[in-house]
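Protein chains: 2
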Amino acid sequence: MADYFIGIDGGGTSCRAALADKNGRILGRGKSGASNILTDPDTALKHIVEASSLAFAEARIEPDLSTTSAVLGLAGNNVGDAVSYVQARLPFRQSDIVSDGVIALQGAIGDEDGAIGIVGTGTVYIARHQGRLHSVAGWGFQVSDLGSGARLGQLALQESLLAYDNIHPMTGLSKAILAEFDNNPEKIVDFARLAKPGDFGRHTPKVFDFARQGDAAAIRILKTGAAGIDEALDAVNGITGTKGRLCLLGGLAPLYPEYLAERHRARLSEPLADALTGAVALAVKTYGAQAELRA
Amino acid sequence: MADYFIGIDGGGTSCRAALADKNGRILGRGKSGASNILTDPDTALKHIVEASSLAFAEARIEPDLSTTSAVLGLAGNNVGDAVSYVQARLPFRQSDIVSDGVIALQGAIGDEDGAIGIVGTGTVYIARHQGRLHSVAGWGFQVSDLGSGARLGQLALQESLLAYDNIHPMTGLSKAILAEFDNNPEKIVDFARLAKPGDFGRHTPKVFDFARQGDAAAIRILKTGAAGIDEALDAVNGITGTKGRLCLLGGLAPLYPEYLAERHRARLSEPLADALTGAVALAVKTYGAQAELRA
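Chains S and E, in that order, are what the protein sequence lines are. Oh and the first sequence: position 39 is 574 in this note's numbering, straight run, nothing missing. Oh and the second sequence: position 70 is 605 in this note's numbering, straight run, nothing missing.
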């Protein structure tokens, strides 16, 4: 019987699967619900199986996960216990759990050397040099993730309090943020004390909007963020050199380039494919040779 | 019988009381345990009474709190529920709960106009202009308190991760911090996720130590912190003008001046007295006139 390969792109809101043959040709796709292996590993497992079965169904092939090889790109993959738990319960013949960044890299730059910067609520950079992967930054907004949506939103709240206290001039951005909190700084403090990255990040679109209108505070915040990204991309270049593809991914990827240093902006290119395509390509790459041997 | 006045300086680790006569002459002092009205109001009440009674004992006067007027400077005074709870249960004839900053201001600059910057784990600025009080900044380390011990420590951890990722050069400060976390960035992330201001602040002495040795990262962090303080002091000057006493208080007060802008450094002076002295002076000032009327 034929060998099949599954790629999984799973995260906090959905789980997507792609089914491919040994040549990497995609035969079908499936989508199910959340697959956060940290917060709810059993539901994640259920949704991984469901998305995989739907991919078989779309391909009109009788699903047999026990003969299928899979690569799963899952957020939270750096927490050993969760990975072990899920790994031991996956129904595939063989499988590998990697980070969501690794499948995004594969999708964006294919098999060549190069790098991606994922610039969303968090930021992380992944480079491939002479076939070896390197991860840069991405340690969370409290002490890392400079330029991320979380950090930009946090800076915007800080800016609004500086304006409230007449430490910085009041601008449209600060006014808009204060208004959201009923012009009550205590409400900003209460919010910030418990805010998760996504909570801060929800204030970030305003920063880009006001910057576009020339708001001095918004522009200063984005320059601070962009400087953080520029420095990280310099470190990436220290690994890969300045050849090879460099892609920005994530929610802020379309918004940031105009604020970045010319040396980086000039090198940016569109990703070749998405993370799900990267996952299934990795499955074929990782397990395809073994399948050949068995054939 | 004589009128007595009590000042209380209470916080998370201790409660200090000073007893004065109507002329503000201090007759006795007492000290007891923690008086955090937010986390444990009943213990705070117990320690307020205990410290007050000890002050009477030191003065060899039979304690009668029900005929004594008090001003209490208490951390956490901005949370209304806690204040109402404690206020309703205080044994004094009359009393006022104010912030720890207000008694520190009174102690530091006396009855004149002027300002203080409290530069410790947090930062807050309190100014008195034409008799009116103004508070600037001090909204907590997540979105305020620039230059505070918490922020400096947090920046030091961030710096060590930037050095770990080759985004910034490795310096002695970053090496020392990484070594404290077994050179494991995950441990820094875990620490930072739950760190309270004091947890970050514990890394701040190292920043000053390494800056003194010429460490480029440490100096950059202190310049960032000092810029935040300079800007806040400019805002304070916007309220008070540049006349009147300006004092820095708090744990970092002796360390910061050399990093501040000359325009502020040149104006700094030593506080006239401590916060406890400020509290008892406020008690006499607030309630002394009434006592005169009753006499």
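Accuracy of the hints is not assured; some may be wrong.
As the list makes no split between identical chains, a pair holds if one copy fits it or if it spans any two.
Cut-off 30 Å, straight-line C-alpha distance, at most; resulting in silico cross-link-like pairs (DSBU-like, lysine-lysine) [as the list claims (entries may be wrong)]:
(1) Lys-731 / Lys-557
(2) Lys-731 / Lys-741
(3) Lys-731 / Lys-566
(4) Lys-731 / Lys-758
(5) Lys-778 / Lys-566
(6) Lys-710 / Lys-722
(7) Lys-710 / Lys-566
(8) Lys-758 / Lys-566
(9) Lys-722 / Lys-778
(10) Lys-566 / Lys-820
(11) Lys-710 / Lys-758
Don't read these hints as lab results, they were simulated from the structure. Since the model is a prediction, treat every value here as computed from it, not as a measurement.
Outcome of the hint check:
Taking the shortest Cα distances, Lys-731 and Lys-557 never come within 30 Å of each other, neither inside one copy (42 Å) nor across copies (52 Å). Both within a single protomer and between protomers do Lys-731 and Lys-741 lie at most 30 Å apart by alpha-carbon distance, with minima of 18 Å and 29 Å respectively. In this homomeric assembly, Lys-731 and Lys-566 come within 30 Å of each other (Cα to Cα) only inside a single copy, at 27 Å, whereas the closest approach across copies is 40 Å. For a Cα distance limit of 30 Å, the shortest separation of Lys-731 from Lys-758 qualifies both inside one copy, at 23 Å, and across copies, at 29 Å.
Taking the shortest Cα distances, Lys-778 and Lys-566 never come within 30 Å of each other, neither inside one copy (36 Å) nor across copies (68 Å). Taking the shortest Cα distances, Lys-710 and Lys-722 sit within 30 Å of each other inside one copy (14 Å), while across copies they are farther apart (38 Å). Taking the shortest alpha-carbon separations for Lys-710 and Lys-566, neither the intra-copy value of 41 Å nor the inter-copy value of 46 Å comes in at or below 30 Å. Taking CA atoms no more than 30 Å apart as the test, Lys-758 paired with Lys-566 passes in neither setting, with 38 Å inside one copy and 51 Å between copies.
Neither within a single protomer nor between protomers do Lys-722 and Lys-778 lie at most 30 Å apart by alpha-carbon distance, with minima of 48 Å and 34 Å respectively. In the homo-oligomer, the alpha carbons of Lys-566 and Lys-820 lie at most 30 Å apart inside one protomer (23 Å), although the nearest pairing across protomers, at 72 Å, exceeds that limit. With identical chains, the CA atoms of Lys-710 and Lys-758 are at most 30 Å apart both within one copy (20 Å) and between copies (28 Å).
Hint compliance for this structure: hints 1, 5, 7, 8 and 9 are broken, all remaining hints hold.
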